[in-house]
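Produce the entire structure from the sequences given, and follow the hints as far as they go.
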Amino acid sequence: MVRITFRTDLCKGCGLCAEFCPRRIITRRDEFNALGFLPFEVDPGGECTGCGACALMCPEVAIEIGDAENGGVAV
Amino acid sequence: MKLLMKGNEAIGEGAVRAGCRYFFGYPITPQSELPHYLAWRLPEVGGVFLQAESELAAINMVYGAAAAGVRVMTSSSGPGISLMQEGISFLAGAELPAVIVNVGRGGPGLGNIAPAQSDYFQATRGGGHGDYHVIVLAPASVPEILTLMQDAFDLADNYRNPVMVLADGVLGQIMEPVVLEDSCPATIPAKPWATTGSEGRTQNIINSLYIVPQELENHCLKLAAKYESIAEDHTRWESYETGDADLVVVAYGTAARIAKAAVNAARRRGIRAGLVRPISLWPFPSRALQKMARRASAFLVVEMSLGQMVEDVKSALAGARPVHFYGRTGGMLPEAREILHRLELLQEGVNSYAKELWPTASADQ
Amino acid sequence: MPKNFGRPQALTSNPFHYCPGCSHGIVHRLVAEVIDELGIKGRTVGIASVGCSVFSYNYFDLDMVQAAHGRAPAVATGLKRALPDRMVFTYQGDGDLAAIGTAETVHAAARGENITVIFINNANFGMTGGQMAPTTLLGQVTTTTPEGRNAAANGYPLRVCEMLATLEGVAFLSRVTVHKPAMVVRAKAAIKKAIQAQLAGAGFSLVEVLAACPTNWGQTPAGALRWLEENMLPAYPVGEFRSWEAC
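Chains P, H and R are the protein sequences, given in the same order. Be aware that the first sequence starts at 1, since it is given in this note's numbering, and climbs by one per residue. Be aware that the second sequence starts at 1001, since it is given in this note's numbering, and climbs by one per residue. Be aware that the third sequence starts at 2001, since it is given in this note's numbering, and climbs by one per residue.
Because the hints were derived from the structure by calculation, they are not lab data. Model, not experiment: these values are computed from the prediction. Hints should not be assumed to be uniformly reliable.
[Unchecked claim] Distance condition first, Cα-Cα at most 20 Å in a straight line; then the derived EDC-like pairs of lysine to aspartate or glutamate: (1) Lys2180(R) x Glu64(P); (2) Lys1291(H) x Asp1246(H); (3) Lys1226(H) x Asp1154(H); (4) Lys1191(H) x Asp2085(R); (5) Lys1291(H) x Asp1233(H).
Written out as structure tokens, the structure is:
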């Protein structure tokens, strides 16, 4: 089980994660974060495989991936 | 051990004895014998000599080595020192210790390779951008070069500030007897701020960028306090025959040696002349001059330039006494008999007029 | 792709100030990951340059030295000569490295200085508002070439890797890009090799990273990566220009 965490407080809404997600399960939220951006996040219920493409492309180091035991959203 | 040593080589030997083990520099007349000397002397003591591709690169290599916590120096003249000004400003802003030697030559521009003292403003007024000072030491003999090089490295480390040793082409080239004691290894203070790799502690940052204006002001105020402390404790000068002097000559470096001969000649003619030789050009010995103004009637500043230190003398005396100037520039040397001639004229002026009156001539060639 | 992917130790927790979609963030992370993996965080000193990455001393949790514009390879030289067993790297943009710093770059490489240069090429002077850089492409519009760079007035782009490849003192030279996940993985491998070459005492290493500058290119973040692929890759071919392998 993959645990993936999106630090939406660090997100600048660049959308590169969504651009490169092979499953197209990352989308933009409707509420601004404290930085004034509309952050991106993995959809709950989307079947994340932990491929890490999003994490590789994220310029803010805002995406963390781990085993289910290490915390984060289990998707 | 007593030997005859060339000024440029004494600069290098003095540095090595002070614990300097790194030199980054570039050839330029009249100081090239210094890098030549260090090219074999530094490897002899396990140090590093590297000829850089330019003075611009050299001063930045000095910056990097200083950040690493070692004693490091560079040297140049005229145009090369101008190229180093950005780096010197960065050293001062980042509070890094380093010694920069200027063996002065004729300027401005390419000028020539003959000796001059026309970099006084550049040395003492910052030279580079921003609110900072470089400690400036001016030797007047080859033996004094050896002691001032030790002082330069000590001051640089103690205050985390660049220090300039301002010599001139005469000093660089002459040979004088020196006594070299068996040296014990120099004591170098610990530098916990150096960037040596952060193992076992938090990161050290060497930096001069303070993007928030209030922070930069605070930083500059901290530097200012440091400069006040240096001025309080490390202002240096030599007084020669000033105890009862009526006419005080003010000169540094090679000009002071020539002036001393003139002072001696004046004394033989019954003129009560004396010499103040600033050894620290920054901080400038203003107070020493002010004290002398109580007894002296006039001051004569002698420089190998169109007159730069004379402004500091005038500023120190604040109009209390007349300040005259005699100088030669472009590599020409002031002559002792010309200085004597002016002392004689001044003496006549003193005899003819009451002490409160100002002589008419204020600057002569 | 390792199962666990988190913030490297060699980065501080400070959020980056870079524009959305700027490649600096990716490359900072790659450099930090490599430092972590090689276990050299405590004996690394980074030289920050002048450009958008001027504050990199706030992002790398390493001893850092801020250098004047273009001078980082000289500063790195001084520091490495004083501390030869530390890993010393510079992180420079194209204005810093290829304009004002060309001499320092060439001579550090010619001397074979055992330092690693991370060179971010985004074809403009980013921090100061998108002016032409030596790496700006012909026809590219910048704030100082409003009609597009034209060869008669402004000459041709500088290819740093090709230029440095003529020098014997260079141990490893690679040009990479970060416009796709697979390329990011290769970029990291190149950075790792460059640092390993330094640790092996092989000489000068440099990795040129083709990077996006969405703000000054007038693109969206994803659009900037497409622009990079279409325009920069043909002008700056990726690949190893001087190869090195760990024995």
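Status of the hints after comparison with the structure:
1. Lys2180(R) x Glu64(P): With Cα atoms ~18 Å apart, lysine 2180(R) and glutamate 64(P) stay inside 20 Å; holds.
2. Lys1291(H) x Asp1246(H): holds, 13 Å
3. Lys1226(H) x Asp1154(H): Between lysine 1226(H) and aspartate 1154(H) the Cα gap is close to 15 Å, so the pair holds against 20 Å.
4. Lys1191(H) x Asp2085(R): Distance ~18 Å between lysine 1191(H) and aspartate 2085(R) Cα, so the pair holds.
5. Lys1291(H) x Asp1233(H): Roughly 18 Å separates the two Cα atoms, so the pair holds.
Violated hints are absent here; each numbered hint is respected by the structure.
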